[in-house]
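Visitor: So you can see what is in the structure, the chains are spelled out below.
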Amino acid sequence: MHAVGTAAGTNITSIATVNYSIGGTPATITSNAATVIVGELVNVTMALQSPTASVSAGASNKALLFLVTNTGNSAEAFTLAGDSVLVGDNFDPTPASPFIYFDSDSSGDLSPADTPYVAASNDPVLAADGSVAVLLVNNIPTGLPDGEYGRSELTATSKTGTGAPGTTLPGQGSGGVDAVIGTSGGQAAVFGQYLVGDILLSAVKSQAVQDPFGGSQPIPGAAIAYQIVVTATGTGTALGVAFNDTIPASTTYVAGSLRLNGAPQSDAADGDAGSFALGPARVAVTLGSLTSAAGPQTIDFRVTIN
Amino acid sequence: MSNRTTVLRLAMLAAALGGATTALAQTADRGCIELKTVAEIQETYIDARGNEATRLVPAAKVVPGDEVVWTIVANNVCTTPAGDVAITNPVPQHMRYVGSSAFGPGAQIVFSLDGSTFAAPEALVVAQADGSNRPARADEYSAIRWVLPRPMGPSESLMVRYRATVL
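Read top to bottom, the protein sequences are chains A and F.
According to the working numbering, numbering within the first sequence proceeds without interruption in unit steps and concludes at 306.
According to the working numbering, numbering within the second sequence proceeds without interruption in unit steps and concludes at 167.
Since the hints were made in silico from the structure, they are not lab data.
All C-beta atoms, glycine included, are put in the ideal place defined by N, C-alpha and C.
Possibly wrong hints are sitting among the right ones.
[Stated by the list, open to error] Beyond 12 Å from chain F on every Cβ pair, some chain A residues (computed):
#: 1; residue: Gly130
#: 2; residue: Asp146
#: 3; residue: Ala222
#: 4; residue: Leu260
#: 5; residue: Ala293
[Unchecked claim] Computed footprint of chain A on chain F; a stretch qualifies when at least three of its residues, placed anywhere within it, have a C-beta under 8 Å from a C-beta of chain A:
#: 6; stretch: 32 to 46
#: 7; stretch: 56 to 68
#: 8; stretch: 72 to 79
#: 9; stretch: 91 to 105
Can you make the complete structure from the sequences, with help from the hints?
Guide: Written as structure tokens, this is what we have:
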């Protein structure tokens, strides 16, 4: 369901018209104006924005990013709460202090500019369809083996009220209209996870120049073949690995030259892992989850010297 | 539902909605047809036998996503038949027509995209950016018209109905 509907307190009015004729004389009559009043819909959704966070045992201040959205039809205040003692995981992350921050600088991660959340003091007030980015910050216990998952959950609760969908809260809406609890029940909760690993990524870049005369001089018209080898070493899984490289100044990317482990990649951002984009000119390859067992990942592309 | 029960329910509804004002009928400035619009919502309840059933209750409050059942009742309060009867109802602001929900016993139902020209659903098209036309969707209708192909007799009442969702 998509957000934001007709504003609470709106009157919806309908008037019908009938045309007819009596003995050939036309006439028109309108009906009464039937009106219904739109009440306040209390609804909230939450989405986890960050992928599973790769952490090492003993790490501190590791953030998970959530987006809380008011999908009701009126401004609504929410209280936030975090919980790191959840079932279904291998360990319990330790809530940092403070535990919950607003991602004030929209960096997607914890940074000095971020404002801590203090219940009843700076509860977020979201306009209809408005949203706020929230960070849940945990420390990772020491001594955890690689490959273990820990979960942490954020809950946003409407201050107008909660309850079974359809519950009416008489007069509790903005401007004194009735508030009705939407499909969310007035509350949303989503968990994110931490994955313990001790893994290191390395990338080694090499180049080979071939000039138009069969030599290896970097002169205009010469081609440079770049090769980047990405290797994961250690234990655990590196998540969401992405390779990006800017095409050097005074060179031009050779269309269709991008390869991953020898397999040609189309330049378009599409189903395959590789893509080329302008502004600035760059290549990107999505490598996804890497373990040391995956072995080296070889990326090739070519440019010509202008 | 059989036709028989439909007719019975129509008659009961007409009596309930239109009966009280019949006394005002037949004055020249009020015309020969009385028209009344009612907004209701369908409510689920448990009947006397413990079964789940639905009924229409006045739409006191709605929220986005709710469906409102709009009922329009026309009564011919004159002693002469009325011809060329057509009831027109714009889909209210902040609402979207629910496809296939319009009905009216014996009436031809036509729709409008612009509120002034009416046609059967298959004749309504929307021009696209590339110059071609596509069939209009029900949620694009801006008005509904019920055309009665026969005269409406004295004391006869006609009920038409459609549903629309609160945006």
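Visitor: Against this structure, judge whether each hint is valid.
Guide: Hint-by-hint comparison with the structure:
1. For Gly130 of chain A, the condition that its CB be more than 12 Å from all CB atoms of chain F holds, with the nearest at approximately 16 Å.
2. Distance to chain F confirms Asp146 of chain A as a non-interface residue, since its nearest Cβ pair spans about 47 Å, more than 12 Å.
3. Even its closest Cβ contact with chain F, about 46 Å, leaves Ala222 of chain A beyond 12 Å, as expected for a residue assigned away from the interface.
4. Taking the minimum C-beta to C-beta distance to chain F, about 37 Å, the non-interface status of Leu260 of chain A holds against the 12 Å cut.
5. Its beta-carbon lying about 49 Å from the closest one in chain F, Ala293 of chain A satisfies the requirement of being farther than 12 Å from that chain.
6. Beta-carbon proximity to chain A at under 8 Å applies to 8 residues in the stretch 32 to 46 of chain F; the threshold of 3 is reached and the given coverage holds.
7. Counting residues of the stretch 56 to 68 of chain F whose beta-carbon sits less than 8 Å from any beta-carbon of chain A gives 8, enough to reach three: the coverage restraint holds.
8. Beta-carbon proximity to chain A at under 8 Å applies to 3 residues in the stretch 72 to 79 of chain F; the threshold of 3 is reached and the given coverage holds.
9. Given a C-beta distance limit of less than 8 Å, the hint that chain A covers the stretch 91 to 105 of chain F holds, as 4 residues qualify and 3 suffice.
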